[in-house]
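**Q** Sequence:
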Amino acid sequence: MRNSQVGDLLVASTDVDGTILNRGVCLLVYEDDQTAIGLMLNRPLHLPVPAPTLDSAAGDASETSNPPASSTGAHRLAEVFDQPKADQASVEAVNVEIGSADETVDENEQPGQPHVALIGPAGDSEAGKLLNGKALHFGGPLSGPIVAVHGAPELGEAEAGEGIFVAAHRDHLEALLKAGQPVPYRLIVGHLGWTQEQLSEEIAAGVWHRIPATSEILSTADEWLWPKLIRSATSSSVSRWLGVEHVADAHQLN
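Residue numbers for the sequence shown follow full-length UniProt numbering, beginning at 1 and rising by one.
Calculated from the structure, these hints are not laboratory results. Ideal Cβ placement from N, Cα and C applies to all residues, glycine included. Treat the hints with care, since some could be wrong.
Distance ranges between label pairs, derived from CB positions [said to hold, decoys possible]:
1. Leu142 <-> Asp17: 17 to 25 Å
2. Glu197 <-> Pro141: 16 to 24 Å
3. Ser235 <-> Gln198: 34 to 42 Å
4. Thr19 <-> Glu223: 15 to 23 Å
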């Protein structure tokens with residue numbers, strides 16, 4: 001099984017419009033000869049009530065051993081998305097409050113994006129603190145646990161690019177939130193999945209440009225991520241199509 005493209009970014013082309021992929025940036029976190037798994041990075045969900053929190057229903061993380069990220073971590077990560085375990089936080093494991101229409105309507109809701117209103121259990125001192133001032137992100141239409149994409153190697157189950165780590169274990173998520181020195185991260189629910197044939201066809205059709213990810217994506221604001229990457233991503237694709245090492249940007253030719 002190969003895992004050579006883990007850590008690549010899929011940057012939606014300028015031709016993509018009218019779907020959740022529009023101006024999207026996706027991090028490939030797992031790939032083998034048959035399948036690929038990716039997380040959208042710049043699709044924040046607008047929560048009109050307090051944010052989701054880790055609930056006792058998600059399991060006691062102290063009962064499990066969480067090894068640090070390693071070369072085999074990506075294969076463990078694939079299992080995370082296939083069969084979420086008790087020590088992971090999932091949308092199904094947090095309490096859902098259905099309030100009045102006025103309380104749950106999100107004026108910023110975008111067509112084609114899910115709308116959620118989640119709170120923690122009553123009396124939980126950590127309720128509403130999971131996001132730590134950050135938005136929960138929509139990673140894709142396929143269900144799965146809440147995961148964090150971050151820059152702390154000791155809190156990751158898998159590495160997804162240089163300096164980029166992925167965590168789904170409850171204790172790793174809690175540690176990120178309680179870190180004395182804040183670690184840049186994104187909390188994501190849901191993911192994208194392809195067969196190798198599907199992904200190859202989408203790239204060949206110009207849906208995605210593929211470029212290596214760097215840890216800079218962790219500290220780049222959602223609204224700036226796609227604009228910051230699209231020029232270099234397009235240049236990289238054109239270079240591959242032409243069989244050359246580099247295509248100069250227009251301003252470099254003047």
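**Q** Out of the numbered hints, which ones does the structure contradict?
**A** Of the numbered hints, just 3 does not hold.
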